[in-house]
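Taking the hints into account, I'd like the entire structure generated from these sequences.
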Amino acid sequence: MSEETIQKELENKFSGLKGKITIKRKRRIYVDVTDDIFHNVFAFIVKDLKFPILCTITGLDEGETFGAVYHLASEDGIVLNLKNHVPRANPVFRTISEYFPGGIIYERELVDMFGAKVEGLPPGPRYPLPDGWPDGQFPLRKDWKADMLDKKPEDVKNE
Amino acid sequence: MSFVSRMINWARIKSPWIIHFNTGACNACDIEIIAALTPRYDIERFGIQLKGTPRHADVLVCSGPVTRQIEKRLVRIYEQMAEPKFVVACGTCSCSGGVFNGCYNVKGGINEVIPVSAFIPGCPVRPEAIIDGVVKLLGSLEKAAALPSPED
Amino acid sequence: MSNVKIPIGPQHPALKEPASFTITLNGERILSMDLRLGYNHRGIEKACEERSYIQCMYLLERVCGICSHSHSTAFIQAVEELAGLEVPKRGLYIRTLVAELERIHSHLLWLGVAGHEVGFDTLLMYSWRDREVVMDLLAALTGNRVNYGMNTVGGVRRDISPDQIKDIQKGLDILEERTKYYVEVATEETTLIERLSGVGYLSPEDARNLGAVGPTGRGSQVDRDVRRDDPYASYGDVSFKVITDDHNDVYGRTLVRVKELFETYGIIRQLLKNMPDGPIAVKAPRRIPAGEALSRYEAPRGEDVHFVKSNGTDKPERVKVRAPTMANLQAVAKMLENNRLADVPIIVAAIDPCFSCTDRSIQIKDPSGGNTGVMSWSQIREYGINWYKKHGIDFKSKGL
Chain E
1 MSEETIQKEL ENKFSGLKGK ITIKRKRRIY VDVTDDIFHN VFAFIVKDLK FPILCTITGL
61 DEGETFGAVY HLASEDGIVL NLKNHVPRAN PVFRTISEYF PGGIIYEREL VDMFGAKVEG
121 LPPGPRYPLP DGWPDGQFPL RKDWKADMLD KKPEDVKNE
Chain Z
1001 MSFVSRMINW ARIKSPWIIH FNTGACNACD IEIIAALTPR YDIERFGIQL KGTPRHADVL
1061 VCSGPVTRQI EKRLVRIYEQ MAEPKFVVAC GTCSCSGGVF NGCYNVKGGI NEVIPVSAFI
1121 PGCPVRPEAI IDGVVKLLGS LEKAAALPSP ED
Chain R
2001 MSNVKIPIGP QHPALKEPAS FTITLNGERI LSMDLRLGYN HRGIEKACEE RSYIQCMYLL
2061 ERVCGICSHS HSTAFIQAVE ELAGLEVPKR GLYIRTLVAE LERIHSHLLW LGVAGHEVGF
2121 DTLLMYSWRD REVVMDLLAA LTGNRVNYGM NTVGGVRRDI SPDQIKDIQK GLDILEERTK
2181 YYVEVATEET TLIERLSGVG YLSPEDARNL GAVGPTGRGS QVDRDVRRDD PYASYGDVSF
2241 KVITDDHNDV YGRTLVRVKE LFETYGIIRQ LLKNMPDGPI AVKAPRRIPA GEALSRYEAP
2301 RGEDVHFVKS NGTDKPERVK VRAPTMANLQ AVAKMLENNR LADVPIIVAA IDPCFSCTDR
2361 SIQIKDPSGG NTGVMSWSQI REYGINWYKK HGIDFKSKGL
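Protein chains in written order, with this note's numbering: chain E, 1 to 159; chain Z, 1001 to 1152; chain R, 2001 to 2400.
Careful, some of the hints might be misleading.
Which stretches of chain E does chain R cover? Using the computed rule of at least three CB atoms under 8 Å from a CB of chain R, they are [to be verified]:
(1) 23 to 34
(2) 38 to 52
Here are the simulated SDA-like cross-link-like pairs (lysine to any residue), alpha carbons at most 20 Å apart as the crow flies [said to hold, decoys possible]:
(3) Lys2241/R to Lys2283/R
(4) Lys2315/R to Asp143/E
(5) Lys26/E to Thr2313/R
(6) Lys1072/Z to Trp133/E
(7) Lys142/E to Thr2313/R
(8) Lys2334/R to Tyr99/E
(9) Lys24/E to Gly2084/R
(10) Lys142/E to Asn2311/R
(11) Lys1107/Z to Asp131/E
(12) Lys1051/Z to Glu1079/Z
(13) Lys1107/Z to Met148/E
(14) Lys145/E to Arg2051/R
(15) Lys2283/R to Ile2054/R
(16) Lys1051/Z to Leu2272/R
The set of hints was computed from the structure by calculation and includes no laboratory data.
Cβ atoms here follow ideal geometry from the backbone N, Cα and C, with glycine treated the same way.
Next comes the structure, spelled out in structure tokens:
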């Protein structure tokens, strides 16, 4: 399937995606979705459009929202970067581990580094921060600075 | 120095046993330390042996910067070694934190945590530099052995 | 038989992304494994947000000291895409050349480490001695044995001379001879074959589901290689086979790596023969226009993924690195199932974690409330070697 065909299939199935799909170059497609349709789009891409590889999940601090980009690859080397957003005030994603058991570790990173929640994530040890890392400190948030590690939790909350 | 101390020192200089410890880096220095053991560089001709436990070692060879979670274990390993003991910081990261200085999980070089006898810079440290550094350390031990002690 | 839980935990990282494996044993056999990662967390992605793109490249080179060029190139490719730069062909060829030379050094390194883990130290000494051939070539070409600093935004920093090309060709001849010997060892040395076969089984389906990449995946018939599937640098200009194996075990992973060496020699010969003339880099802006780019690279260990988000300044907005060992560690839990404790070192080493773990600690707990002991990695390695000696597999007794 070519990049253009993939774009058409997505736009046909999900009218809300019109204007949200960019083909930046050969083998690179970017799709921007909202959380309400994310899971249906994800399932469609993985199963119907045949993207069996999850390269990784990138968390993003976008200010008012948190983003998560799911980098999916096909056997032909096409990468589809699917970006979802959730509000910063209530950053809850739902797990995709039923499609990719290997993706659990990437979702744990969203929890540790951004303070997001991932519904449906099976219980398990944190990643990547060490045990004893202070609560409430999320390194990849834009408003977090390294010197916060040596401050008291109350001071951090007030910053 | 008394005769026994001189004997012990001689044995240490002639055949120092080292333990290698990686405190959280990219492994380039670790590879070069192992490479120093392989035929091209062959550090074993100096009688140097790589041991698995700190209790048998004279020299602690460290690579990597000190990360927050490794700090306690590094101190524990240092304390498990019997006196006299020496620490060699291999590579720029163990000397000063190197390229990871400023990263939130990195404290700095090895000397932030334990006393260091020899600093060998390099990114990564070359096997020849490791040999040079260790030989210099042995040389300084020899000088210390030659000093008269109150017991004489 | 009571179940014994064994946490194998590095209290310090020797792996690039070291793991703590909690293994539940039934007698000698491993029933299940829980994985705890993250002991080597340094905070590199955050640090990248406070550094210029060139500084980030030098930092990312040191994510892993064995595949440093992989990370450097994967990153710089994303930046070049964001800046809309077209790297001159000669620059791409040199970049690819260093990449393949790195693959040689990494696979030979792995061969030695694998030998060491099973007690075949002669293999360690031979392969690391031969590895010095390629280390010398890399040092002559780039100025350093590791962490080459070869890339810049827009191309490479050093050109290659006709004499260096001749040296590389001579070096390849030597390496090819030596690699033939390693193929013989891998396919005819029964002691080694017995030690590696049937160990660390990973079905093709599990390999796919758990996202195994590189030789680990290809050793279980996962026919994926970024160089062929999503070509970058000069891989579109060269022809090579992607090596897979159907043993689905550690032996298969060994064969894949050794045979891949021959493909690499072939790729390098093609690159040298067809090296185009011209500049090696284009000028790059300091500020990179806003955008997002996803770069993939086939590191010696497997697929390396870098995602870069730029914001129009001279520093990246976000850098995400997914190194190959990360993807393979998840498959290790599956691989250890039903294997013996004695096989733990070679199974873990067979995914080629960034470096052999010299100091992972193993705590042995007896659920009936008995003794608790701590074993270091070297102790469990000794345990494995001695177990096999008792069962007739001994490299030293065969004069190896």
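Given the hinted pair Lys2334/R and Tyr99/E, is their Cα-Cα distance within 20 Å?
Holds: Lys2334/R and Tyr99/E sit about 17 Å apart, inside 20 Å.
Does Trp133/E lie within 20 Å of Lys1072/Z when you go C-alpha to C-alpha?
Status holds; Cα separation ~15 Å.
Count the residues of the stretch 23 to 34 of chain E whose CB lies closer than 8 Å to any CB of chain R, then report whether that count reaches three.
holds (count 5)
Does Thr2313/R sit within 20 Å of Lys142/E, going by the straight-line distance between their CA atoms?
It holds: about 16 Å lies between the C-alpha atoms, which stays within 20 Å.
Counting residues of the stretch 38 to 52 of chain E whose CB is closer than 8 Å to a CB in chain R, do you get three or more?
With 1 residues in contact (Cβ-Cβ under 8 Å with chain R), the coverage given for the stretch 38 to 52 of chain E is violated.
Are the Cα atoms of Lys142/E and Asn2311/R separated by 20 Å or less?
Status holds; Cα separation ~14 Å.
Given the hinted pair Lys2283/R and Ile2054/R, is their Cα-Cα distance within 20 Å?
holds (13 Å)
Hint consistency between Lys1051/Z and Glu1079/Z [alpha-carbon to alpha-carbon, up to 20 Å]:
holds (16 Å)
For the pair supplied as a hint, Lys1107/Z and Met148/E, confirm whether the alpha-carbon distance does not exceed 20 Å.
holds (14 Å)
Can the restraint linking Lys2241/R and Lys2283/R be considered satisfied, given a maximum Cα separation of 20 Å?
Status violated; Cα separation ~35 Å.
20 Å limit on alpha-carbon distance, applied to hinted pair Lys2315/R and Asp143/E:
holds (16 Å)
Has the given pair, Lys145/E with Arg2051/R, been kept, meaning a C-alpha gap of at most 20 Å?
Distance ~14 Å between Lys145/E and Arg2051/R Cα, so the pair holds.
Checked against the numbered hints given earlier, this structure breaks hints 2, 3, 5 and 16; the rest are met.
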